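Start from chain B and add chain S according to the hints.
Number of protein chains: 2
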Amino acid sequence: MTQQTRAAKEDQLLEAATHLFKEKGYHSTSMQELAEALGMQKGSLYYYIDSKEELLRRLMERATSFMTNQIDEIYGTDLPPAKKLRWALENHAATMMENLDLVAVYLHEYRNLPPDRLAEALAVRKHYEQVLMQIVEDGIACGEFRSVNVKMAVFGMLGMLNWTHQWFSPDGPFSSQEVAATLAELAMHGLTRQPDS
Amino acid sequence: MTQQTRAAKEDQLLEAATHLFKEKGYHSTSMQELAEALGMQKGSLYYYIDSKEELLRRLMERATSFMTNQIDEIYGTDLPPAKKLRWALENHAATMMENLDLVAVYLHEYRNLPPDRLAEALAVRKHYEQVLMQIVEDGIACGEFRSVNVKMAVFGMLGMLNWTHQWFSPDGPFSSQEVAATLAELAMHGLTRQPDS
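Sequence lines, in order, name chains B and S. Each position in the first sequence, counted from 1, maps to that position plus 685 in this note's numbering. Each position in the second sequence, counted from 1, maps to that position plus 685 in this note's numbering.
Just chain B, with the same shape it has in the complex (with noise of 0.2 Å):
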């Protein structure tokens, strides 16, 4: 089997993890029902994954890695911290309402991660959270957004865009990028300083 061939295989497999786990939870699923679905023997599937927990563990990577890797390539950027700010909220909720399975097998999910992972699990978060503060910061610092409490500030805007895990359905009337910016916007205007403020 080529790299290539494996690495397609995988891919596979953590779809179809990822749908039932969001169907009937990770306790629920068993590796049987994971062969099924992928029309394999249920010995083939330990070629690729060790474990079911292993499985887990690169479901909640690969969420982790989506929401977060663009935040530092942002951060470094010499661009004013509102673009940045705009430009990171944009990209979280499209991320997260392209990739709403996802999504909710994390949040359902994310506690039965062994101590070890859940703790790196929840490192990577919080730097991706202190970033998002820190261009909050230096946006205060520079005159360009209102004086606010940051940390709230920074949880009411993924809030905002978290949310819509609970409401938004590719087969509605807009797109993820229209909702994405709408929302981006709304939040972006409620941090901004008015020129006569």
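These are calculated hints, taken from the structure and not from any lab test. It should be emphasised that the depicted structure is a prediction, and the values quoted were computed from it without experimental measurement. Treat the hints with care, as some may be off.
Copies of the same chain are indistinguishable here, so a pair counts whether it falls within one copy or spans any two.
[Said to hold, decoys possible] List time: in silico DMTMM-like cross-link candidates among lysine to aspartate or glutamate, alpha-carbon distance up to 20 Å:
id, residue 1, residue 2
1, K709, E794
2, K707, E794
3, K836, E863
4, K836, D856
5, K707, D757
6, K737, E794
7, K836, D757
8, K727, E746
9, K709, E721
10, K709, E814
11, K768, E746
12, K768, D786
13, K737, E695
14, K709, D786
Positioned in the frame of chain B, the structure of chain S alone reads:
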């Protein structure tokens, strides 16, 4: 047994069920565990409640009424739309943070309601969202709010408030009232037309 004693017992029962459903999930909690948590015999439990499903139904009604019961009163006042909205948002956020366990059970378990009860619960939620949308539309019509997409604005603001169930802790540095006021202010500022815009 007096009416008052019965009401107090039922309240204890709902509190204990909220706690257990939160910790273990609805499906994994037995009536036996519930009886033990209350220091009762399992048989006595059935004096207060017919079934576990009945208990879930009552918890979901409780959560829905906590979150939505003031909206018609707020809408019915003759306050300007911006004042109505701020009142509704602060109320929503504070109620949420003061009932975190009940909210968690609601979000995880409402889909386990039998179909007719689920339809009722969703109708109450929809009415609530529609009144909020009406307030935003009224605010746009009278020039208090910017001309935004009303549905996205309402779901965005609700997301901002609802996400507190992921991060707010009663042991943290801010009270539920402080967080509610700050988030409502941010959401309102995002919506409000500035004098110069």
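Against the structure, the hints:
With identical chains, the CA atoms of K709 and E794 are at most 20 Å apart both within one copy (11 Å) and between copies (13 Å). In this assembly of identical chains, K707 and E794 lie within 20 Å of each other by CA distance both inside one copy and across copies; the values are 9 Å within and 14 Å between. For the identical chains of this complex, K836 and E863 are inter-copy neighbours only, at 13 Å across copies versus 26 Å inside a copy, given an alpha-carbon limit of 20 Å. Proximity of K836 to D856 under the C-alpha cut-off of 20 Å is restricted to the inter-copy arrangement: shortest distance 16 Å between copies versus 34 Å within a copy.
Taking the shortest alpha-carbon separations for K707 and D757, neither the intra-copy value of 30 Å nor the inter-copy value of 36 Å comes in at or below 20 Å. In this assembly of identical chains, the alpha carbons of K737 and E794 lie at most 20 Å apart only when taken from the same copy (13 Å versus 25 Å across copies). Taking CA atoms no more than 20 Å apart as the test, K836 paired with D757 passes inside one copy only; the shortest distance there is 19 Å, against 32 Å between copies. Proximity of K727 to E746 under the C-alpha cut-off of 20 Å is found in neither arrangement, the shortest distances being 24 Å within a copy and 44 Å between copies.
For a Cα distance limit of 20 Å, the shortest separation of K709 from E721 inside one copy, 15 Å, qualifies, whereas the shortest one across copies, 29 Å, does not. Within a single copy, K709 and E814 get their C-alpha atoms no closer than 30 Å, and across copies no closer than 29 Å, so neither meets the 20 Å cut-off. With identical chains, the CA atoms of K768 and E746 are never at most 20 Å apart, being 28 Å at best within one copy and 44 Å at best between copies. Taking CA atoms no more than 20 Å apart as the test, K768 paired with D786 passes in neither setting, with 29 Å inside one copy and 37 Å between copies.
In this assembly of identical chains, the alpha carbons of K737 and E695 lie at most 20 Å apart only when taken from the same copy (14 Å versus 41 Å across copies). In this homomeric assembly, K709 and D786 come within 20 Å of each other (Cα to Cα) only inside a single copy, at 12 Å, whereas the closest approach across copies is 23 Å.
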